[in-house]
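Protein chains in written order, with my numbering: chain V, 1 to 260; chain Z, 1 to 384.
Think of the hints as simulated: they come from the structure by calculation, not from any bench. Just so it is clear, CB atoms sit at the ideal spot from N, CA and C, and this is done for glycine as well. Check the hints yourself; a few may be wrong.
[Unchecked claim] If you want the ones that stay clear, here's a sample from chain Z, every Cβ over 10 Å from chain V, calculated:
id : residue
1  : D2
2  : G52
3  : Y146
4  : Q269
5  : G342
6  : D346
7  : K357
[As the list claims (entries may be wrong)] Residues on chain V that point at chain Z, a partial pick, calculated with CB under 7 Å:
id : residue
8  : N183
9  : L190
10 : R191
11 : L193
12 : L254
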Amino acid sequence: MNIVVCIKQVPETTEVRINPETNTLMREGVKSIINPFDMYAIEEAVRLKERFGGKVSVLTMGPPQADGALREAISMGADEGFLVCDRAFAGSDTWATSYTLAGAIKKLGAFDLIICGKQASDGDTAQVGPGISTHLNIPQVTYVKKIEEATDKLMKVERMLEEGFEIIETPLPALLTVVKEINEPRIPSLRGLMKAKSAKITTFTQKELQLDPQQIGLCGSPTQVVKIFTPTPRVGGQMLTGEIPDIARQLVDLVRAEVN
Amino acid sequence: MDYLLTEEQKMIKELAHKIAEDKIRPAAAKYDISEEYPWDVLKVMAESDMFGLFIPEEYGGFATSVFNLCLATEEFSRACGGIAVCYAASALGTFPIVLFGDDEQKKKYLPDLAKGKKVAAFAITEPEAGSDASGIKTTAKKEGDYYILNGLKHFITNGGDAETYVVIAMTNKSKGARGASAFIVEKGTPGFTFGKKEDKFGIRASSTRELIFTDCKIPARNLLSKEGMGFIVTMKTFDMSRPGVAAQALGIAQGALELAVKYVRERVQFGKPISSFQGIQWMLADMATEVEAARGLVYSTARMVDAGIKDVAKESAMAKMYASDVAMKVTVDALQLFGGYGYMKDYPIEKYVRDAKITQIYEGTNQVQRNIIALALIKEMAKI
Numbered sequence: 001m002n003i004v005v006c007i008k009q010v011p012e013t014t015e016v017r018i019n020p021e022t023n024t025l026m027r028e029g030v031k032s033i034i035n036p037f038d039m040y041a042i043e044e045a046v047r048l049k050e051r052f053g054g055k056v057s058v059l060t061m062g063p064p065q066a067d068g069a070l071r072e073a074i075s076m077g078a079d080e081g082f083l084v085c086d087r088a089f090a091g092s093d094t095w096a097t098s099y100t101l102a103g104a105i106k107k108l109g110a111f112d113l114i115i116c117g118k119q120a121s122d123g124d125t126a127q128v129g130p131g132i133s134t135h136l137n138i139p140q141v142t143y144v145k146k147i148e149e150a151t152d153k154l155m156k157v158e159r160m161l162e163e164g165f166e167i168i169e170t171p172l173p174a175l176l177t178v179v180k181e182i183n184e185p186r187i188p189s190l191r192g193l194m195k196a197k198s199a200k201i202t203t204f205t206q207k208e209l210q211l212d213p214q215q216i217g218l219c220g221s222p223t224q225v226v227k228i229f230t231p232t233p234r235v236g237g238q239m240l241t242g243e244i245p246d247i248a249r250q251l252v253d254l255v256r257a258e259v260n
Numbered sequence: 001m002d003y004l005l006t007e008e009q010k011m012i013k014e015l016a017h018k019i020a021e022d023k024i025r026p027a028a029a030k031y032d033i034s035e036e037y038p039w040d041v042l043k044v045m046a047e048s049d050m051f052g053l054f055i056p057e058e059y060g061g062f063a064t065s066v067f068n069l070c071l072a073t074e075e076f077s078r079a080c081g082g083i084a085v086c087y088a089a090s091a092l093g094t095f096p097i098v099l100f101g102d103d104e105q106k107k108k109y110l111p112d113l114a115k116g117k118k119v120a121a122f123a124i125t126e127p128e129a130g131s132d133a134s135g136i137k138t139t140a141k142k143e144g145d146y147y148i149l150n151g152l153k154h155f156i157t158n159g160g161d162a163e164t165y166v167v168i169a170m171t172n173k174s175k176g177a178r179g180a181s182a183f184i185v186e187k188g189t190p191g192f193t194f195g196k197k198e199d200k201f202g203i204r205a206s207s208t209r210e211l212i213f214t215d216c217k218i219p220a221r222n223l224l225s226k227e228g229m230g231f232i233v234t235m236k237t238f239d240m241s242r243p244g245v246a247a248q249a250l251g252i253a254q255g256a257l258e259l260a261v262k263y264v265r266e267r268v269q270f271g272k273p274i275s276s277f278q279g280i281q282w283m284l285a286d287m288a289t290e291v292e293a294a295r296g297l298v299y300s301t302a303r304m305v306d307a308g309i310k311d312v313a314k315e316s317a318m319a320k321m322y323a324s325d326v327a328m329k330v331t332v333d334a335l336q337l338f339g340g341y342g343y344m345k346d347y348p349i350e351k352y353v354r355d356a357k358i359t360q361i362y363e364g365t366n367q368v369q370r371n372i373i374a375l376a377l378i379k380e381m382a383k384i
């Protein structure tokens with residue numbers, strides 16, 4: 001089974017602060033990690049490879065340092081790492097990102113399965129996974145918590161709902177996004193770390209991918225960020241006391257004062 | 001302090017740190033209470049190749065590196081001295097085979113130990129033979145192609161849970177120390193059973209049991225080296241393993257120090273964090289300096305062993321003695337910094353005091369270490 005895992009390198013969220021003057025993330029000195037939800041995707045892919053054979057390719061789009069995320073995935077058992085990296089892709093929103101990643105996946109060749117984490121811990125959109133499946137025109141199953149059965153033709157999975165779950169059977173190739181209930185990501189082995197250190201990471205630029213320039217980067221992104229701001233903290237409420245008619249009167253007075 | 005670790009050593013340290021934080025620390029209190037053997041944690045260590053650090057590459061490990069063993073043991077011990085000793089005691093049981101096993105013995109036992117599929121143990125101590133190893137009463141009598149073992153070992157770390165044991169028994173009592181021999185004994189051998197499991201003050205995640213040999217028949221090819229080499233095997237094994245015990249003590253001390261620094265920054269008395277008081281600061285400064293001095297001694301000794309320097313008995317003894325004395329002092333001081341809370345089991349610090357104590361006792365009491373050091377000094381002077 002040939003599996004592609006799409007991952008994202010994100011700032012370790014517990015350490016990120018917002019600059020109150022510029023309203024931008026203060027990323028200096030903040031450690032970068034693999035998006036925690038993607039760790040479950042990597043683990044599930046490696047488990048499937050251990051069961052069925054095949055290979056696991058890990059794909060990410062990001063700056064050159066995202067190479068570290070790919071190496072970490074290789075230390076956990078993935079076979080190859082691919083980095084989509086070009087200034088031309090900068091400023092991509094989820095639509096342009098999923099278009100670009102889909103283009104890179106086509107370049108990788110035949111695959112049976114794509115696995116993504118359910119969403120990234122920085123953007124929290126949960127759009128890139130489904131976007132990739134749309135661009136590739138393959139079925140998608142989101143929020144997968146268990147793979148019940150798998151053959152080279154189809155897969156039966158449990159998909160988490162707000163209350164309970166549903167069982168979905170999908171033909172392959174397909175795209176799954178997974179939730180944390182699906183497994184417990186392994187700690188890498190020393191041999192895996194050594195392999196990852198010397199592994200070759202293939203970089204794809206726009207030159208290799210030859211994507212439609214109108215659909216990549218900032219220009220290919222329909223999302224426009226108009227303003228970023230920190231919500232003003234809610235101030236504490238005011239408690240009214242007394243008999244109910246008293247409270248009602250006080251409330252009316254307060255509303256009147258507010259309106260005026 | 002920067003110890004100029006190689007890329008590989010940094011990798012081992014970071015990996016061991018991750019195992020310690022993700023798997024050992026969350027389980028430490030549970031195993032301290034239940035006294036169950038922490039198989040799930042050892043499985044993670046095994047899958048991460050940690051048991052290969054002290055076994056040669058040709059037998060499935062990475063290299064026999066005492067330094068790497070120390071790095072891993074120190075990190076594990078920061079989180080739990082008890083779980084760490086299950087790991088380090090397997091190294092202790094493996095070293096005699098690495099050092100004295102013939103190719104057949106190494107091929108048979110080391111690959112499974114390197115993968116962590118099996119755990120090892122070393123058995124010399126008996127009720128009447130602790131510091132005085134010449135008091136060993138367990139016997140091994142040769143009968144054809146077999147040895148017949150009879151006797152009792154006690155206080156054996158990993159006893160009952162290990163699959164592979166190296167046992168010291170007397171093959172010729174009349175020769176005293178030169179009449180002892182070392183044997184590999186597999187769990188499940190008829191006549192080899194387990195007795196009392198000890199209820200311990202500290203390192204409670206590890207198992208400590210009696211081994212009972214009753215006409216236990218083992219193949220003669222399980223003899224390590226030659227008859228009469230038992231004490232040499234033991235001494236050389238301890239030279240290799242003492243830095244590991246020292247690293248365990250070092251890790252316990254480091255772990256306690258970290259908890260103490262964290263706590264004094266949070267604990268507010270007289271309107272400010274107690275870390276702002278000079279009396280507290282001076283305690284921390286002394287603790288940190290002693291831990292660092294111990295680390296320097298442990299790392300230097302481990303590097304000497306790995307460099308193949310032959311006589312390391314003095315340095316090994318110094319590292320074990322000093323690091324364990326520091327562990328005892330630092331953990332007691334750390335508990336003091338926690339005040340009344342530190343005395344309560346709700347807080348993790350009292351366990352560090354309990355875990356530290358054994359490091360002054362086992363693998364040669366610190367009094368025995370001082371004998372070794374003093375004897376080496378006197379011998380060195382006599383040579384001049």
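Hint-by-hint comparison with the structure:
1. Distance check on Z:D2: its Cβ is at least 20 Å (rounded) from any Cβ of chain V, clearing the 10 Å threshold; non-interface status holds.
2. Look at Z:G52: its CB is around 7 Å from the nearest CB on chain V, not clear of 10 Å, so calling it non-interface is violated.
3. The claim that Z:Y146 is not at the interface with chain V holds, since no C-beta of that chain comes within 10 Å of its own (minimum 39 Å).
4. At roughly 28 Å from the closest C-beta of chain V, the C-beta of Z:Q269 stays outside 10 Å, upholding its exclusion from the interface.
5. At roughly 27 Å from the closest C-beta of chain V, the C-beta of Z:G342 stays outside 10 Å, upholding its exclusion from the interface.
6. Separation of Z:D346 from chain V is adequate, the least Cβ-Cβ distance of about 25 Å exceeding the 10 Å criterion.
7. Against chain V, the non-interface label of Z:K357 holds: every CB pair exceeds 10 Å, the least being about 30 Å.
8. Below 7 Å, beta-carbon pairs count as interface contacts, and V:N183 has none with chain Z, the closest being about 14 Å; its hint is therefore violated.
9. This hint holds: V:L190 has a C-beta 4 Å from the nearest C-beta of chain Z, less than the 7 Å allowed.
10. For the restraint placing V:R191 at the interface with chain Z, the shortest Cβ-Cβ distance is roughly 6 Å, inside the 7 Å limit, so the hint holds.
11. Taken as an interface hint, V:L193 checks out: its beta carbon lies about 5 Å from the nearest beta carbon of chain Z, inside 7 Å.
12. The restraint placing V:L254 at the interface with chain Z is violated, with a minimum CB-CB distance near 38 Å, outside the 7 Å limit.
Consistency note: the structure conflicts with the earlier hints numbered 2, 8, 12.
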